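What follows is each chain in one-letter form.
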Amino acid sequence: MAYRKKDLRNALLFISPWIVGFLAFTLYPILSSLYYSFCEYKVIKDPVWIGLANYINLFKDATYIDALQNTLYMLLIGVPVTTATAITVSILLNNKHLHHTGPFKVIFFLPTLIPTIVTCFLWIWMFDYNGIVNKCLRFFGIKGPSWLNSVMWAKPAFVFFMIWTIGNAVIIYLAGLQDIDENLYEAAAIDGAGFVRQTTTITIPLLRHTILFNVVTLIIGVFQWFAEPLIITEGGPANSTMFYSLYLYQNAFRYFKMGYASAMGWILLLISLTIILVLFRAMRFGESYGD
Amino acid sequence: MEETKTTKARKPRKRKYESLEYAPSMIAKKCVWYGILIAMAIAFVAPIMFMFFGTFKTSQELARVPFDWLPDHWRLDNIKTLFTKLPFFLYLRNTLIIVFFNIVGSLVSNSLVAYGFSRIEWPGRDKVFILVIITMILPFQVVMVPLYLLFSKLKWIGTFLPLTLTCFFGNSFYIFLLRQFLVGIPQEISSAAKIDGSGEFRIFWQLTLPLCKPALATVGIFAFIRSWNDYIGPLIFLPDSKLFTLSLAISKLKSNLDPQWPLLMSAGTLMVLPVLLLFFVLQQYFIQGVTMSGIKG
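Chains as they are written, first to last, in the numbering used here: chain A, 1 to 291; chain B, 1 to 297.
Treat the hints as calculated values from the structure; they're not laboratory data.
Quick caveat, the model's predicted, so the values are computed rather than measured.
Certain hints may be false.
[To be verified] Coverage of chain A stretches by chain B, computed from C-beta distances (three or more under 8 Å per stretch; other residues unrestricted):
| # | region |
| --- | --- |
| 1 | 10 to 20 |
| 2 | 48 to 54 |
| 3 | 196 to 202 |
| 4 | 217 to 224 |
| 5 | 238 to 250 |
[What the hints assert, rightly or not] Below 20 Å or equal to it, Euclidean Cα-Cα: the simulated SDA-like pairs (lysine to any residue) are:
| # | chain 1 | residue 1 | chain 2 | residue 2 |
| --- | --- | --- | --- | --- |
| 6 | B | K30 | A | T101 |
| 7 | B | K29 | A | A188 |
| 8 | A | K42 | B | E61 |
| 9 | A | K42 | A | F22 |
| 10 | A | K135 | B | E61 |
| 11 | A | K143 | A | W153 |
| 12 | A | K42 | B | L154 |
| 13 | A | K42 | B | P239 |
| 14 | A | K155 | A | T200 |
| 15 | B | K213 | B | P239 |
| 16 | A | K135 | B | R64 |
| 17 | B | K254 | A | K42 |
| 18 | A | K143 | A | Y129 |
All residues carry an ideal CB built from backbone N, CA and C; glycine is no exception.
Please build the complete structure, drawing on both the sequences and the hints.
Next comes the structure, spelled out in C-alpha cells:
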C-alpha cells in the first residue's frame, strides 16, 4: 500500500492550489460571513455581537421586502418567459426541416459575448421614452411607456434583458435536443402526432434534465443580479427594480452595514440551496417513472 | 445481400417521404418557422447593430425621428474623441494586465487541480470533488463582503491582486470542465508511462497536457471573456481611477448629465470587437465550453 500513499501525496500536491484557494477564498469568507451576520459591523469599528438582530431587522425592512418581492416577480415571470423563449428558439433551430439554421445559432449566441456594462447602456438608450423601442411601437400605433421611469414597466425591461441573453441556455438545449432519439419522432409521426403533440409528449419530457439545469442556472442568476439594475436604474423608480443582490451590495458598499449585508448573504445562500435541492428532488422523482 | 434487399424495398417509401419536403403544406410550415426565426433574429441582433452604426453617428443622428439604420457619413470623430478625452490606453493596459493573469492563472492552476481529481486514484477523491461542484453554485454575494474585508486588511484594495492573484488558486467551473475532459482520456496511457518509471508530474506535463489542448483552449477563452467583460470585480476592488478597467471606465463615461451616447456606442464597439473576432475564429471552443457546462445536470 506504499504505492497508494505516494499517489495520495502526489494528488494532494496537484490539488494544493485548490485547497489553498478553497480555504482562503471560499471557506474562510463563508464562515466569517456567518459570524458577521450576527454582528453589527460598520468597517471602521470592530464587529459587535448582536445575535439575531440583523435577521429580525431585515424582515422589518420595507426595502428588503420590496427586494424580495421584485426578485419573486423575476422568478415567477422572468424565468418562465425566458425559459419558454429559449426552448422555442432551440426547437426551431433543431427542426430537421430547416437546413440553414447556422447563422441563426450565431445570432442568438452573440448577446452573451457583450460586456454587461455595454448591454446596460444599450438598454438605457433603447428603453428611453424617446428610445428606439418606443419608436418601433409608434410605428405599430402603440404609445410606449417611459419604461425605466415607470414602476410598472421597469421590470419588464429587465425581463427583456434576460431574454436577450439566452444564448448559453440555447446551446445547452440544442445539445439536449440532439440526444433525443429520432426514431421516437418518426414513430409519433406514423401514429399521426403533429408538431405540437410531438413537442409536448416527446421533446419536453425527454428534455427535462436540461430544462432543470437551465432553470436552476437562471434562478441562481436572478438572485445574483446586481450589476444590471445598479447601472440601469439603481433600483428605482420607487424601489421597483431593487433586486435581492442589489440591496445586498448597497448595504455593504454604500451604507457600509457589513453585518446586515452578511445576513442577507446567508439568507440568499439558504434560499438558493433550498431551491436547488427541491428542484433536484423533483427531477429524481420524475426519474422513478422511467424514461 | 439481404441488407441491400431491404433497403431496396424501403426505397420507394423513403422517396415519398422526401417529396413531402416540397409538399405545399410543408413549404407553408417552413415559411412560418423561418418567419419566426428571422423576426427573433432581427430583434436579437438589432441592439448590436444600433451600437455598431451608432459609433459613426452624432447625437442628433442617434435621436432622429424617423430612425435611420446607417449613419449619414462614416465619420470616426467619436473614436478620436474617445482616445483624446480619455486615457483609453491606460484602461486598455489595466484590462490587459488583469486578462493576462486570468488566462495564465486559470490554465496553470486548473489543469494541475483537474489532473489531481481525475488521473490519480486516491481515497476520498470523489467526495472532495463534490465540494468543488458545490462551490460552483455558491453565490458570489455571500463571500463578497468577507473577501472585501479580507483584501482590505491585506492592503490589496486598490491593487490588481484581488483580480489576478486569486486566479492561481483554481476555479471550480474550470476544474470541472478540464476534469470532464481528462476522465475521457484512456488511463492506459499513464499506466504505460508509469511502468517506464516516469514521475507523476512528467506524465502530466509531457503526456496528458498536450492531449488536453482543446479543453485548455476553452478554459483560456472563458478566462479571457470573463475578465475582459467583468464589471463587478473591478467595481468593488479597484476604487482608484488610475487602475480602472475598460468596463469600469465606460461606466463612468455616463455619469455626467449629458449621456454622450455616441461616445458610449464607440467605446462599446471597441470593447466588443476583440471578443467577436475571437468568437468567429474559435467558435467551436466557445460552443464546446458552454455545452460541457450543461452536462453536469
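Structure-based check of each hint:
For the region 10 to 20 of chain A, the stated coverage by chain B holds: 9 residues have a C-beta nearer than 8 Å to a C-beta of that chain, and at least 3 were required. Counting residues of the region 48 to 54 of chain A whose beta carbon lies closer than 8 Å to any beta carbon of chain B gives 0, which falls short of the minimum of three for the stated coverage. A stretch counts as covered by a chain when three or more of its residues have a beta carbon under 8 Å from one of that chain; for the region 196 to 202 of chain A and chain B the count is 0, and the coverage is violated. Counting residues of the region 217 to 224 of chain A whose beta carbon lies closer than 8 Å to any beta carbon of chain B gives 3, which reaches the threshold of three, so the coverage claim holds.
Under a criterion of three residues with beta carbons nearer than 8 Å to beta carbons of chain B, the stated coverage of the region 238 to 250 of chain A is upheld, 3 such residues being counted. For the hint pairing K30(B) with T101(A), the CA-to-CA distance comes to about 12 Å; that is within 20 Å, so the pair holds. A threshold of 20 Å between alpha carbons decides the hint, and for K29(B) with A188(A) the separation of about 18 Å falls inside it, so the pair holds. With a CA separation close to 48 Å, the supplied pair K42(A) and E61(B) exceeds the 20 Å bound.
Proximity of K42(A) to F22(A) is assessed by CA-CA distance (about 26 Å); at most 20 Å being required, the pair is judged violated. The suggested pairing of K135(A) with E61(B) holds, with an alpha-carbon distance near 14 Å, which does not exceed 20 Å. Restraint check for K143(A) and W153(A): the C-alpha separation of about 13 Å stays at or below 20 Å, so the hint holds. With a C-alpha separation of about 18 Å, the suggested pairing of K42(A) with L154(B) holds against the 20 Å cut-off.
Annotation: proposed proximity of K42(A) to P239(B) holds, straight-line Cα distance about 19 Å (limit 20 Å). For the suggested pair K155(A) and T200(A), the alpha carbons sit about 30 Å apart, so the restraint of at most 20 Å is broken. Note on K213(B) and P239(B): the hinted pairing is violated, with a Cα-Cα distance of about 37 Å set against a maximum of 20 Å. Between K135(A) and R64(B) the alpha-carbon distance is near 10 Å, which keeps this suggested pair within the 20 Å criterion.
Note on K254(B) and K42(A): the hinted pairing is violated, with a Cα-Cα distance of about 30 Å set against a maximum of 20 Å. Our distance criterion of 20 Å between C-alpha atoms is met by K143(A) and Y129(A), whose separation comes to about 10 Å.
Of the numbered hints given earlier, the model fails hints 2, 3, 8, 9, 14, 15, 17; all others are met.
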